[in-house]
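Asks: Given chain P's structure and the hints, the job is docking chain R onto it.
Number of protein chains: 2
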Amino acid sequence: MIDILFKHIEEKVSLSNADREMLSTFFSAKRLRKKQYLLQEGEVCKYLTFVAKGLLRTYNVDEKGVEHMSIFGWEGWWLSDFNSFLSGEPAVFHIDAIEDSELLLISRANYEALTLAVPVMDRYFRILYQNSLATKEKRLMSSITHTAEEKYLQLICSNPEIINRIPQNLIASYLGIAPETLSRIKKNLALRR
Amino acid sequence: MIDILFKHIEEKVSLSNADREMLSTFFSAKRLRKKQYLLQEGEVCKYLTFVAKGLLRTYNVDEKGVEHMSIFGWEGWWLSDFNSFLSGEPAVFHIDAIEDSELLLISRANYEALTLAVPVMDRYFRILYQNSLATKEKRLMSSITHTAEEKYLQLICSNPEIINRIPQNLIASYLGIAPETLSRIKKNLALRR
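Protein chains in written order, with our numbering: chain P, 2 to 194; chain R, 2 to 194.
Worth flagging that the hints you see were computed from the coordinates, not collected in a lab.
Remember, predicted model here, so these are calculated numbers, not experimental data.
Some hints could be false.
Pairs of lysine-lysine, PhoX-like flavour, derived with a Cα cap of 20 Å [said to hold, decoys possible]:
id, chain 1, residue 1, chain 2, residue 2
1, R, K31, R, K47
2, R, K8, R, K31
3, R, K152, R, K137
4, P, K31, P, K47
5, P, K139, R, K137
6, R, K31, R, K54
7, P, K139, R, K47
8, P, K54, P, K31
9, R, K54, R, K36
10, P, K47, R, K139
11, R, K65, P, K152
12, P, K65, R, K47
13, P, K137, R, K137
14, P, K8, P, K35
15, R, K8, P, K137
16, P, K139, R, K139
Just the calculated beta-carbon pair ranges, DEER-fashion [what the hints assert, rightly or not]:
id, chain 1, residue 1, chain 2, residue 2, range
17, R, N160, P, M2, 41 to 51 Å
18, P, K188, R, A30, 17 to 27 Å
19, R, T148, P, M2, 24 to 34 Å
20, P, K188, R, E44, 30 to 40 Å
21, R, E103, P, D101, 49 to 59 Å
22, R, R166, P, D101, 48 to 58 Å
23, R, N189, P, E76, 19 to 29 Å
24, P, K13, R, C158, 49 to 59 Å
Ideal Cβ placement from N, Cα and C applies to all residues, glycine included.
For reference, chain P alone in the conformation it holds in the complex (with noise of 0.2 Å):
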């Protein structure tokens, strides 16, 4: 599982094979069976965690018992409550798996004595965190100015991969629309092709 993640590492910077020795000692193995959890809101997220296979989801359940997805996680992602895991406070986000996973987790003080031990990690992280502040400007930007139906092909479009293994009610949460309007949209589009 672990050679897995090196790939992933080795996409965006050189590993050694000191390194590699090293980064495998810093990560402990897990596997979730579909809908199990991974962390539940008002836990601390004690672990950034590696999608070795399969898909997750991020979300939280507002007040009136609605959720609202954040992310999906599938092979290649890192999920953790962030905040949470940086700070300590208590996660606002809960985990689970939607297919079995196989997943790699680094604790807290793992991960700050991870990046001392072979430094080519905080060039990764940085690079990969630079990416995802990106992405996330872009999703902010787009949740305010751009309809569900752009949102849906903005998402189709840059995980053309993955969208057919994630439940229709789940992608409708994920544009804050509900899955009625998504059965529209698609229709519609399936009829200007």
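Replies: Relative to chain P, chain R alone:
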């Protein structure tokens, strides 16, 4: 002006004299008067900008001409249309000065060269970006699940020193509410104290 940048960086990582000398070669200085633009939507964002002095805002204008505030930046902040800066795509944000401002600019090429010449800057930006991601996650969730009053309280509690420098109509826009709604919220809060 560069000393303000050094001080800010050294809150997160240590710099040697050689690092400091090297660093200063990668930045250029710029002054903006109040209301002058740093970036306009549609241009490519060529620089990552450090605010040494002053106050700026990042915002977007929708098709109906309505401004949507995204971020305020004051002393110690970095500003850009980050996606445009990284990808070379046209910017979706405007950035302009709310106060006379003194800025340090680094180009995309120099940003890459800097992290190779002064590797500890990978660590600095990694920490900067991880904190920014955690804040953005919180803000995105807060925009979905919190009332305008809760969002206003969050804003003044996390930025008490800056809130009086920002015009009320811009704060209202940042919160996604009408200026009259903000006035009402402030009046209610004052009555309860």
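Asks: Compare the structure with each hint and give your call.
Replies: Verification of the supplied hints:
Under the criterion of a C-alpha separation no larger than 20 Å, the hint pairing K31 of chain R with K47 of chain R is consistent with the structure, at around 14 Å. For a cut-off of 20 Å, the pair hint linking K8 of chain R to K31 of chain R stands: about 19 Å separates their Cα positions. Between K152 of chain R and K137 of chain R the alpha-carbon distance is near 13 Å, which keeps this suggested pair within the 20 Å criterion. The hinted pair formed by K31 of chain P and K47 of chain P meets the criterion: a straight-line CA distance of about 14 Å does not exceed 20 Å.
Under the criterion of a C-alpha separation no larger than 20 Å, the hint pairing K139 of chain P with K137 of chain R is consistent with the structure, at around 12 Å. With a C-alpha separation of about 11 Å, the suggested pairing of K31 of chain R with K54 of chain R holds against the 20 Å cut-off. At most 20 Å may separate the alpha-carbon atoms for a hinted pair to count; K139 of chain P and K47 of chain R meet this at roughly 17 Å. Pair hint K54 of chain P plus K31 of chain P holds up; C-alpha atoms about 11 Å apart against a cutoff of 20 Å.
For the hint pairing K54 of chain R with K36 of chain R, the CA-to-CA distance comes to about 15 Å; that is within 20 Å, so the pair holds. At roughly 17 Å between alpha-carbon atoms, K47 of chain P and K139 of chain R fall within 20 Å of each other, so this suggested pair holds. Restraint check: the Cα-Cα separation between K65 of chain R and K152 of chain P comes to about 18 Å, which is no more than 20 Å; the hinted pair holds. A distance of roughly 44 Å separates the Cα atoms of K65 of chain P and K47 of chain R; the hinted pair therefore is violated under the 20 Å criterion.
Taking the CA atoms of K137 of chain P and K137 of chain R, the gap is near 8 Å; set against the 20 Å cutoff, the hint holds. About 25 Å separates the Cα atoms of K8 of chain P and K35 of chain P, which puts this hinted pair outside 20 Å; it is violated. Proximity of K8 of chain R to K137 of chain P is assessed by CA-CA distance (about 28 Å); at most 20 Å being required, the pair is judged violated. The straight-line distance between the Cα atoms of K139 of chain P and K139 of chain R is roughly 16 Å, inside the 20 Å bound, and the hint therefore holds.
Remark: the range hint 41 to 51 Å for N160 of chain R to M2 of chain P is upheld by a beta-carbon distance near 42 Å. The given range of 17 to 27 Å is broken by K188 of chain P and A30 of chain R, whose C-beta atoms sit roughly 56 Å from each other. Range check, T148 of chain R to M2 of chain P: about 43 Å between beta-carbon atoms, so the 24 to 34 Å window is missed. At roughly 38 Å, the beta-carbon separation of K188 of chain P and E44 of chain R lies within the given 30 to 40 Å, and the hint holds.
Separated by about 55 Å at the C-beta atoms, E103 of chain R and D101 of chain P satisfy the suggested range of 49 to 59 Å. Between R166 of chain R and D101 of chain P, the C-beta spacing of about 52 Å keeps the proposed range 48 to 58 Å intact. Against the hinted window of 19 to 29 Å, the Cβ-Cβ separation of N189 of chain R and E76 of chain P comes to about 49 Å, which falls outside the hint. Checked against the hint of 49 to 59 Å, the C-beta distance between K13 of chain P and C158 of chain R comes to roughly 36 Å, which is inconsistent with it.
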